[in-house]
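Visitor: Guided by the hints, dock chains B and C onto chain A, whose structure is given.
Residue-level listing of the chains:
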Amino acid sequence: MGNHAVSWGARLSRVEVISAYPITPQTQVVEELSEMCADGRLDARFIKVESEHSAMAACIGASAAGARAFTATSSQGLALMHEMLHWAANGRHPVVMANINRAMGPGWNIWTDQSDSLSQRDTGWVQLYCETNQEVLDTTILGFKLAETLDLPVMLVLDAFYLSHTAEPVDVPDQEMVDAFLPPRQARYKLDVRDPRAFGALVKPDAYMEMRWQLQEAMLRAPAVLEEIEAEWAQRCGRRYGAVEPYRTEGAELLLVTSGTVTSTARFVVDQLREGGEAVGLIKVKMFRPFPTEALRAAVAGAARVAVLDRNLSPGRGGIFAEELRAALYAGNGFRRPEVFGYVVGLGGRDVTPEVIQELVRRTWRAKGPEREDLWVGLNL
Amino acid sequence: MTQVRFAGRVPEQELMTSGHLACPGCAAPLAMRLVLKALGPNTIVVMPASCWSIIAGPWPQSSLRVPLYHTAFETGAATASGIRAALDVRGESDTTVMVWAGDGGTFDIGIQALSGAAELNEDILYVCYDNEAYMNTGIQRSSATPWGAWTTTTPEDHPEASPKKDMLAIMAAHRIPYLATATVAYPLDLIEKVHKAHAVRGTRFLHILSPCPPGWKYADEETIQLARMAVGCRVFPLVEVEAGRSWRVTFDPPPEPVGPYLHKQGRFRHLTEQHEVYIQREVDARWEMIQQRVRESGGAPSDWEPAAGIDVGPDARQSGPSSQSSTAETAEEAASHPSNR
Amino acid sequence: MAVSSTSTLVSKTGSWKYIRPIYQDRVAPCNEACPVGIDVEGYLNLLREDRLDEACELLVRENPMPAITGRVCHHPCELSCNRRQFDEAVSVHAIERVLGDRVLEMSVERPHPTSCASVGIVGSGPAGLACAYHAARLGYAVTVFEAAPEPGGMLRAGIPEYRLPRAVLDKQIAWLRAHGITIQCGARVGTDIPWWSLLGAFDAVFLAIGAQESKALGVPGEKLAGVESGLDFLKQVNAGARPSLGQRAVIVGGGNTAMDCARTALRLGAEATVLYRRTRAEMPAIPEEIDEAEREGVRFVFLAAPIRLLSSDGRVTGIECQRMELGAPDASGRRAPVPVKGARFSLPADTVFSAIGESVQLESLPAEIERISSGLLTGEYQETTRAAVFAGGDMVQQPRTVADALGAGKRAAIGIDQYLRLISGRPLEGPGTDALRYGRSGNLSITRWRGDDPVARTSPVNEVLRYEDLNIHHFVHAPRRADGRLEVAESRRGFGEVNLGLSGDAALEEARRCFNCGVCNRCDLCLVFCPDAAISRADGGYEVAMEYCKGCGVCAEECPRGAIVMTREGL
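Chains A, B and C, in that order, give the protein sequences.
Residue 295 in numbering that gives the first Met the number 0 sits at position 296 of the first sequence, and the numbers go up by one each step.
Residue 243 in numbering that gives the first Met the number 0 sits at position 244 of the second sequence, and the numbers go up by one each step.
Residue 435 in numbering that gives the first Met the number 0 sits at position 436 of the third sequence, and the numbers go up by one each step.
One should not assume that every hint holds.
Derived lysine to aspartate or glutamate pairs resembling EDC-like cross-links, with alpha carbons at most 20 Å apart [said to hold, decoys possible]: (1) C:K16 <-> C:E467; (2) B:K263 <-> C:E542; (3) C:K11 <-> B:E13; (4) A:K189 <-> B:D93; (5) C:K170 <-> C:E56; (6) B:K263 <-> C:D468; (7) A:K47 <-> B:D219; (8) C:K16 <-> B:D219; (9) A:K189 <-> B:E91.
Output of the computed footprint for chain C on chain B, the stretches with three or more beta carbons under 8 Å from beta carbons of chain C [unchecked claim]: (10) 9-15; (11) 25-37; (12) 212-224.
Pair ranges (Cβ atoms, derived) [unchecked claim]: (13) A:R193 <-> B:H274: 52 to 60 Å; (14) A:G104 <-> B:S114: 22 to 30 Å; (15) B:P154 <-> C:R456: 49 to 57 Å.
Hint data in this document are derived by calculation from the structure and do not stem from the laboratory.
For glycine and all other residues, C-beta sits at the position ideal for the given N, C-alpha and C.
Just chain A, same shape as in the assembly:
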């Protein structure tokens, strides 16, 4: 299952400190890791903290002391961690965390929804969205390498139940290969009695901006670094994903933009429509933070209309991927600006079937323009 793909990825990455708190649908991630620690498959310390906020604090502590730290959570737990997500990023701690996308309550909802991870988009974490269990396992390992190269925390995101609890065949890389790809962490700065320093003391207005500039610079290097890392990964095992993956976009007049498991369904629909002669293509967004502005501008260049599928909501605004895409297309020169249709779909785990996607493609073709910024699909009102 997807959750175990995370665990296996973490094990192969030889994480050293794990600190986590259980929440549906993340539990199998940490249960599997517990067993691995208990039977010796994984030589790591597992701290059974009393809350997610403490879980992130413990990961930060471990990372500050030079260890490779990992945690996993979802929805309410991620929200509780919010303060410490900022702390990890400003502190430049390369913690890797798996977030199982789950809806925010109340009412309680354990099914997939991207609002939890996207609510944290300003905290300074790299966000990588996964479509398959293979991608999940690979991204866990890639995540550590990315994190430790840039000294940035990395969040890998997978859909609740559709990925977390769904079993798929996965090619598990050799430990030897992973060791060669991802050597033990060499922290640039760490808590060390041989070189005593203070970390995170008061920074006044005359220096805080520079710190944030450094953080931003690191973020903006992420796409290039990811490409390098993926190139090496592809060399070793033949797989790569890209910050952005265009699918059958040649000559497309209408492009779907998706992330997560909706992408798989969208691929199926694109194949169908292409067969029917429609000039439709798909862009999968893997890297949401930093936002892959250049890549997306290039990817959407040919199309007249773009339909963004957002399994999330920023109340008062609309779908977040759509909003960010619009912002990316607003500035700059020398590229074509398609019409952006932002569709809000599948909140709280509501199924996004091929029929749903086909219907919104039709709507997109037919409409003069988007009647509003957020176009809700499938509401029963």
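Guide: Here is chains B and C on its own, set in the frame of chain A:
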């Protein structure tokens, strides 16, 4: 011994530098200085938000000659457990991980993480320096503020109405290997307690009373005097507890009434005689409770062992008083002037 | 990430302060109270570190005969000791005695002569010997003239052996002689040696002839057999005589002479009764001496004065006494005795001693030396109205104690040094009298005069440290060690020393009870309590890093002995 002499009895190495930003006469830097002297340089300090976050100096300065991690307010114990795990992974289990938190970060916002770590018996030394209010943010009440005290959120017309949270009892209930109260007026007692804490593994908790001139409203130079009076009138007894069951009073001076202690502080100036009578009663009752615990302890601490036959795995730390050698001697020691040791 | 690269030592928080601490030696009350002018606190501080020889050296800088004062001094130092208000005074006399006895075992380095001037001293009692000692140490040639066959003055004549053993006195005199002091005995100035020859032979002269003439009782029957001067009686016994006193001896008087007579009488087999016109509280004798007398069995009759002596066959048989009561205070500040009309009684007596005071014989002195009603007119340094002539001791001043005499001898030595330098054209810009004095009312320090104080002082001021300036929380109660004593039965049997003092170890332990008022003794409390770690050890004391010290005042407040004060000076 007829007089107190510290020459040759206090470790000489200074691990805290001058130039820190504490108010003149503040007990908090003195407490840190003494604790670090007792622990030595093989120490990493985790510091959630409190006065010390400022006292330590702004970036790029640090007042400590040991590594220091500034962390968010409620995360002291959690961050420390992460550091502990990382050190253990690289085989540096001898390095002490010490949380240095105020009363806010311990009694209130930090109590959850502290309880979580203590329940797991994480191998950390947790030190709470208690100035009895949120002093760093301008003297607002905390659950450590004593009954009747003025603070900015418990003004004189409506002073603090809750008794001080009994952190000693709470931590004792966690049955951690070692916990003790101490204060800056008795450095030798404090240092000895740090040494005892250092000699065992697991969660160790030290509660240090830290008088605050602006918050308690008294003259700078009387900090030591106030700490001494707090102990003398039993408002802050000097106690140690092992494994949650073995209680011992480490200094039992001839009792003084609470009045002079209260009168010395502006934060109590609005109290009436009736209030003082009430406070005296409560202090006496708590002292009696402690004495009761001491009597029940009967001297020797209990031995905490995991139940036989259950393998608790690699996460279990060597903990409990069975791993310490000092208790047998100290159980025999008569209560005497702490500076006599 | 915000990672530190420097310490807070770059942050000079010293700019915050508006007051600062200074280590300032103040005067311990014992030093001020001592009539000799000894740095008592100083040698007790050295004893804390077991530095016995240095303690002895410091002591003998000011006191030429600690083995004697440790035994007979009335120790006002102990009455002023701040520790009295905490538990009990330090037993300074017992410690001084141990040091004094040790001094007598130490070799003497004869002082180098520093001038050709010579000093002549009349009288080898404590005043004369002290002046001789200090003058010799200042480099002068000193000769002492003593009328009696042996030196010592009142020390030999008036103080019984059970208080001051002969062996100790002789050893002390020998020790003093080893300083190059010449003592000529059997030489009475005024008769054997004319005054003019004395004044001609020496560049400066110190008169210390004491007060040797017992005051008469002034009642009928004074010339009867069996009625004697108490002082003459003591002289005889101290010279070896053991007269028979009959069954009952009555001693009239309340001072130390009276106590000595009474206890001596017991040892000669008589019952001793002391007759005193006021009450015990007004007795001028040292309280311990009164206690000892009582312990040995001396009876006391208070509020009674003799009216006449009763006799039979020209021999005294008793005293008729007037009952007295206390009225208004007199010139001495004590309530004057007033007869109770019609109340009289008689006491049987085989011997009666008068011990009501002594007067000075000034008749033989040159007329140009001005007298006043109480004796000679003398100034701060014991100078008389005649240039080059100084006088001190019992002949000049009250109270008449060994310690006061020693103090006067020292003052005279300083005065003589000033005078001789002046006339030889090498005047010394030495410290003024106030600077030499301990506190406001103490005696002068000759060490300060010499300017070679071996004790490192930090900004010393001449203020006495009061009990309120101490921080007594850093002291722990500990009882004072009591002197060993002979049992009463044994002490009455003869003239062996009754007070056995303390052992060497006990004396060192007792010295550790000293608070060291006003003078730093490096306890490290300031260093440990400083919240800014701004105090460090330096140069035998401490140093405050002023660039960091915030002036909080904790160090000054906690210093157990008040050796730190907060000041605005220098800011």
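Visitor: Look at each hint and say if it fits the structure.
Guide: Comparing the hints with the structure gives:
For the suggested pair K16 (chain C) and E467 (chain C), the alpha carbons sit about 25 Å apart, so the restraint of at most 20 Å is broken. Between K263 (chain B) and E542 (chain C) the CA atoms are separated by roughly 31 Å; this puts the pair beyond 20 Å, and the hint is violated. In summary, the hint linking K11 (chain C) to E13 (chain B) is supported, as the alpha carbons are separated by about 18 Å, within the 20 Å threshold. For the proposed pair K189 (chain A) and D93 (chain B), the alpha carbon gap of about 17 Å is at most 20 Å, so the pair holds.
With a C-alpha separation of about 18 Å, the suggested pairing of K170 (chain C) with E56 (chain C) holds against the 20 Å cut-off. For the hint pairing K263 (chain B) with D468 (chain C), the CA-to-CA distance comes to about 19 Å; that is within 20 Å, so the pair holds. With a CA separation close to 44 Å, the supplied pair K47 (chain A) and D219 (chain B) exceeds the 20 Å bound. Annotation: proposed proximity of K16 (chain C) to D219 (chain B) holds, straight-line Cα distance about 12 Å (limit 20 Å).
A threshold of 20 Å between alpha carbons decides the hint, and for K189 (chain A) with E91 (chain B) the separation of about 14 Å falls inside it, so the pair holds. With a cut-off of 8 Å between beta carbons, the region 9-15 of chain B has 3 residues touching chain C; three or more are needed, and the interface restraint holds. Against chain C, the region 25-37 of chain B contributes 7 residues with a C-beta closer than 8 Å to a partner C-beta. That satisfies the three-residue criterion, and the hint holds. Here the region 212-224 of chain B counts 7 residues with a CB under 8 Å from a CB of chain C, which clears the bar of 3, and the coverage holds.
A beta carbon spacing of about 54 Å between R193 (chain A) and H274 (chain B) agrees with the range 52 to 60 Å that was offered as a hint. Look at G104 (chain A) against S114 (chain B): about 25 Å separates their beta carbons, and that is inside 22 to 30 Å. Distance hint check: the CB atoms of P154 (chain B) and R456 (chain C) are about 52 Å apart, consistent with the given range 49 to 57 Å.
Hint check: violations occur at hints 1, 2 and 7; the rest are consistent with the structure.
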